[in-house]
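S.K.: Each protein sequence line maps, in turn, to chains A and B.
Under my numbering, the first residue of the first sequence carries the number 1131, and numbering increases by one thereafter.
Under my numbering, the first residue of the second sequence carries the number 2, and numbering increases by one thereafter.
No lab work stands behind these hints: they were computed from the structure.
Certain hints may be false.
Straight line, CA to CA, 25 angstroms or less: simulated DMTMM-like cross-link-like pairs of lysine to aspartate or glutamate [stated by the list, open to error]:
1) A/Lys1253 to B/Asp213
2) A/Lys1141 to B/Glu236
3) A/Lys1219 to B/Asp126
Chain A is nowhere near these chain B residues, computed Cβ spacing over 12 angstroms in every case [stated by the list, open to error]:
4) Lys25
5) Asp146
6) His153
7) Asp179
8) Leu218
9) Gln293
10) Gly327
11) Gly379
12) Asp383
13) Tyr427
14) Ser612
15) Leu614
Simulated restraints on C-beta separations [unchecked claim]:
16) A/Gln1275 to B/Pro579: 40 to 46 angstroms
17) B/Thr577 to A/Gln1267: 53 to 59 angstroms
18) A/Ser1235 to B/His323: 45 to 51 angstroms
19) B/Asp155 to A/Lys1253: 54 to 60 angstroms
20) A/Gln1275 to B/Gly394: 42 to 48 angstroms
21) B/Asp56 to A/Ser1235: 40 to 46 angstroms
Quick caveat: nothing in here was measured; it's all calculated off a predicted structure.
No residue lacks a Cβ here, since even glycine has one placed at the ideal position from N, Cα and C.
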Amino acid sequence: MQKALVIDPVKCTGCKQCELACSYVKEGEFNPAKSRIRVFDFHQDARFVPYTCTQCAEAWCQRACPVDAITTNEWGVKEVHDGLCVGCKVCIIACPFGTVNYNASTGKVIKCDECGGDPACVKACPTDAIIYMDVEQAGFGKMRQWAAKTDTAAQATQ
Amino acid sequence: MGWTGQVLRVNLTKGTCTPEALNKDWAGQYLGQRGLGSKYLVEETDPKVDPLSPDNKMIFATGPLTGTCASTGGRYSVITKGPLTGAIACSNSGGYWGAELKFAGWDMIILEGKADKPVYLCIIDGKAELLDASEIWGKSVWDMDAWIKSRHQDPMMHVSGIGIAGENGVLYSCIINDLHRAAGRSGVGAVMGSKNLKAIAVRGTGGVKVDDFPAFLAATSAAKEVLAGNAVTGEGLPAFGTQVLMNVINEAGALPTRNTREVQFEGAHDISAEAMAKPSGKDGKPNLLANQACFSCTIACGRISKINEEHYTVRNKPEYWHASGGLEYEAAWALGAATGVSDLDALTYANFICNEQGIDPISFGATLGAAMEMYEDGALTDKDTGGLKLNFGSAEALTQATELTGKAEGFGKELGMGSKKLCDKYGKPELSMTVKGQEFPAYDPRGIQGMGLTYATSNRGACHLRSYTVSSEILGIPEKTDPLVTDGKAGLVKAFQDATAAVDSAGLCIFTTFAWTLEDIAPQIDGALAGEWSVDRLLEIGERVWNLERQYNLQAGFTAKDDTLPKRLLKDAAKTGPAKGLVAGLDKMLPEYYAVRGWTEDGVPTNETLSRLAL
Ligand code: SF4
Ligand code: SF4
Chain A
1131 MQKALVIDPV
1141 KCTGCKQCEL
1151 ACSYVKEGEF
1161 NPAKSRIRVF
1171 DFHQDARFVP
1181 YTCTQCAEAW
1191 CQRACPVDAI
1201 TTNEWGVKEV
1211 HDGLCVGCKV
1221 CIIACPFGTV
1231 NYNASTGKVI
1241 KCDECGGDPA
1251 CVKACPTDAI
1261 IYMDVEQAGF
1271 GKMRQWAAKT
1281 DTAAQATQ
Chain B
2 MGWTGQVLRV
12 NLTKGTCTPE
22 ALNKDWAGQY
32 LGQRGLGSKY
42 LVEETDPKVD
52 PLSPDNKMIF
62 ATGPLTGTCA
72 STGGRYSVIT
82 KGPLTGAIAC
92 SNSGGYWGAE
102 LKFAGWDMII
112 LEGKADKPVY
122 LCIIDGKAEL
132 LDASEIWGKS
142 VWDMDAWIKS
152 RHQDPMMHVS
162 GIGIAGENGV
172 LYSCIINDLH
182 RAAGRSGVGA
192 VMGSKNLKAI
202 AVRGTGGVKV
212 DDFPAFLAAT
222 SAAKEVLAGN
232 AVTGEGLPAF
242 GTQVLMNVIN
252 EAGALPTRNT
262 REVQFEGAHD
272 ISAEAMAKPS
282 GKDGKPNLLA
292 NQACFSCTIA
302 CGRISKINEE
312 HYTVRNKPEY
322 WHASGGLEYE
332 AAWALGAATG
342 VSDLDALTYA
352 NFICNEQGID
362 PISFGATLGA
372 AMEMYEDGAL
382 TDKDTGGLKL
392 NFGSAEALTQ
402 ATELTGKAEG
412 FGKELGMGSK
422 KLCDKYGKPE
432 LSMTVKGQEF
442 PAYDPRGIQG
452 MGLTYATSNR
462 GACHLRSYTV
472 SSEILGIPEK
482 TDPLVTDGKA
492 GLVKAFQDAT
502 AAVDSAGLCI
512 FTTFAWTLED
522 IAPQIDGALA
532 GEWSVDRLLE
542 IGERVWNLER
552 QYNLQAGFTA
562 KDDTLPKRLL
572 KDAAKTGPAK
582 GLVAGLDKML
592 PEYYAVRGWT
602 EDGVPTNETL
612 SRLAL
């Protein structure tokens, strides 16, 4: 089963505990600047939006990599192999969402790999703004919300 | 670890930025942030220093948990001598700035001297420099924040600085970071302004490590479960913010109203959390749009609000139609109950201006309340106010006065002196609701007796955040005590003061203590730092910090005479509510408090006490 990180910005409070958990797991220290998930604060709109790699089925980053350092694992997750990555940054240019980034201290790129199927950000989030679920059901929550808003009386007259 | 080990010393007179090692011995004795910053201040300055002179220093200090995943571990304090009070000042702020300073590799910044022209301090990781601020001097906090981020082409920077109020020496001006989080009290913003320092902009890309990661993660996770499962920190504060208190305190008969003439406000409901959640305006959205957490906080008490676009304050000002930091309980009380104004949008507008220009809404609202009483009594005339009609309950008076104070124009200049100096000037000193020159906040000591002792003995002037006995007396945390009696309050206040000083020294938010005790906090500190960190050690540090601050104030010239309350609280009984007929029973609590503190009858720490605390 492929799983996906499903993010609900409405629930996010901007606490950045996801960034802290991610950077601890990946870098061994608390360092939001190196987190693979980033939370953006749109202050004037009262919105906080956590953002990370969507694990495209046909991944631009993977296509662009000249040394095949990015591969797809059995869960559909795109992984960067540090031993192969030459730090050319072409994947960063290729990714339309900006979710591949460069780590100047190692000379390699970093991106979300869903922690091998047990994402740290999900466990750290106090509001369930990030959940990890079967990718084929990722839209159902929102679908249900909209379904609940459907005015059946109005529909009946259509 | 928990520390980066680096302190940045900035001499504004000479224009130098010099790194030095953190004094680890002191960190062992004073923990961090409030305690450690105070220790540096005490060692490096004369308590008699003029707060607004170049000889005063100001210290921006983080705690050992700042920048970690401990819940609320993102805080910093500004420690200096306060111009509003002449006492030691320590104002604590959340948001993201404190953590960013750690990520840039610094535990603390010590600022000394005075720049010859406006500057801002720019810290990008290990590189710190003073840059020209002439283009942002005279600008609001919000404009300054945008200018700095655009100039450095870095939207991820975090900025802490002053608005026009701090530049103009408004004695209760604050330092604002992340647009609406404030190191709010005692006029720390005016000290920054007196040094010609507009802001400190920080960007950090480094990491923070702790001593024992597995133990630390176990302790912080367990503590987060406690916060999430607690009714106040898991439900009340996220949903209603600190505004959860408005109706509760009003019903307890402890909501100081119209300059504390009364203890209950008929308009409380209109400015409460419930009112903020009601749809208003043509878009049908409520005043409250979202809640926001500070860095690493599980509680998320912050309010993000908007003003109804049709409201008179902003009808022609689209620049205020966006969301920003909304009303916290203290601000809603000060701008509302203390002035008798119950127009929620007017309060929200005034609160926006306070954030934008860097004004402490508690002191401002209380000062305006005093001015209103003087106006209604005839001690202040239209001529004095420049035509401002300062009637209790007037929303226009509130919003105009806020604008004028923010810009230090007209009568706003006089309001900017604070209620003590203002009431003295117009011959009504008894109308100033202050202790040691600082306006007291949103709890009337006649209805919550422990708060009377709290205000009277607070080392930074009247303040609720030095020992929040409201927890015990109203909410029953950790144990219920009767708010109307004085018995046992001396010991309660001391216990709260010491524990709070420890929490403030750790890098944590005091709101965690609705759910946490030091039993929850000690293991987190123990995981972060080398050495053994027990509850007893934290309590000893808390008591040491308290006595250190007390010593500073005594040397600055304060005496036991200053441990008092405004006459109105001591002589005029509450007229309504559960406390009807009661005055603040300070005389019954104070001698006992001195005794439990190990101080003389004159409120001076005895030699035994000092040596027990290694002071
Ligand atoms: S942990 Fe959750 S609530 Fe906090 S910033 Fe991340 S997504 Fe938002
Ligand atoms: S409880 Fe509120 S003030 Fe404290 S850290 Fe959390 S959001 Fe900030």
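S.K.: If a hint holds in the structure, say so; if it does not, say that too.
M.R.: Hints, one by one, checked against the model:
1. About 20 angstroms separates the Cα atoms of lysine 1253 of chain A and aspartate 213 of chain B, which keeps this hinted pair within 25 angstroms; it holds.
2. For a cut-off of 25 angstroms, the pair hint linking lysine 1141 of chain A to glutamate 236 of chain B stands: about 14 angstroms separates their Cα positions.
3. The hinted pair formed by lysine 1219 of chain A and aspartate 126 of chain B meets the criterion: a straight-line CA distance of about 23 angstroms does not exceed 25 angstroms.
4. Every C-beta of chain A lies more than 12 angstroms from that of lysine 25 of chain B, the closest at about 20 angstroms, which supports listing it as non-interface.
5. A beta-carbon of chain A comes within 12 angstroms of the beta-carbon of aspartate 146 of chain B; the shortest separation is about 10 angstroms.
6. The non-interface label for histidine 153 of chain B is consistent with chain A: the shortest C-beta to C-beta separation is roughly 15 angstroms, beyond 12 angstroms.
7. The Cβ of aspartate 179 of chain B sits about 8 angstroms from the closest Cβ of chain A, inside the 12 angstroms cut-off, so the non-interface label is violated.
8. Not every C-beta of chain A lies more than 12 angstroms from that of leucine 218 of chain B, the closest at about 8 angstroms, which undercuts listing it as non-interface.
9. With a minimum CB-CB distance of about 5 angstroms to chain A, glutamine 293 of chain B fails to clear the 12 angstroms threshold, and the non-interface call is violated.
10. Look at glycine 327 of chain B: its CB is around 9 angstroms from the nearest CB on chain A, not clear of 12 angstroms, so calling it non-interface is violated.
11. Every beta carbon of chain A lies more than 12 angstroms from that of glycine 379 of chain B, the smallest distance being close to 44 angstroms; the non-interface claim holds.
12. Non-interface status of aspartate 383 of chain B relative to chain A is upheld: no Cβ of that chain comes within 12 angstroms, the nearest being about 38 angstroms off.
13. A cut-off of 12 angstroms between C-beta atoms confirms that tyrosine 427 of chain B is not in contact with chain A; the least separation is 40 angstroms.
14. Once the 12 angstroms rule is applied to beta carbons, serine 612 of chain B is consistent with being away from chain A; the minimum gap is 39 angstroms.
15. Listed as outside the interface, leucine 614 of chain B is consistent with that label: its C-beta sits roughly 33 angstroms from the nearest C-beta of chain A, beyond the 12 angstroms cut-off.
16. Remark: the range hint 40 to 46 angstroms for glutamine 1275 of chain A to proline 579 of chain B is upheld by a beta-carbon distance near 45 angstroms.
17. For the hinted restraint 53 to 59 angstroms between threonine 577 of chain B and glutamine 1267 of chain A, the CB-CB distance of approximately 58 angstroms keeps it satisfied.
18. Taken as a hint, the range 45 to 51 angstroms is violated for the pair serine 1235 of chain A and histidine 323 of chain B, whose Cβ atoms sit roughly 37 angstroms apart.
19. Range check, aspartate 155 of chain B to lysine 1253 of chain A: Cβ separation about 30 angstroms, and the 54 to 60 angstroms hint is violated.
20. Restraint check, glutamine 1275 of chain A to glycine 394 of chain B: a C-beta distance of roughly 43 angstroms satisfies the suggested window 42 to 48 angstroms.
21. Look at aspartate 56 of chain B against serine 1235 of chain A: about 42 angstroms separates their beta carbons, and that is inside 40 to 46 angstroms.
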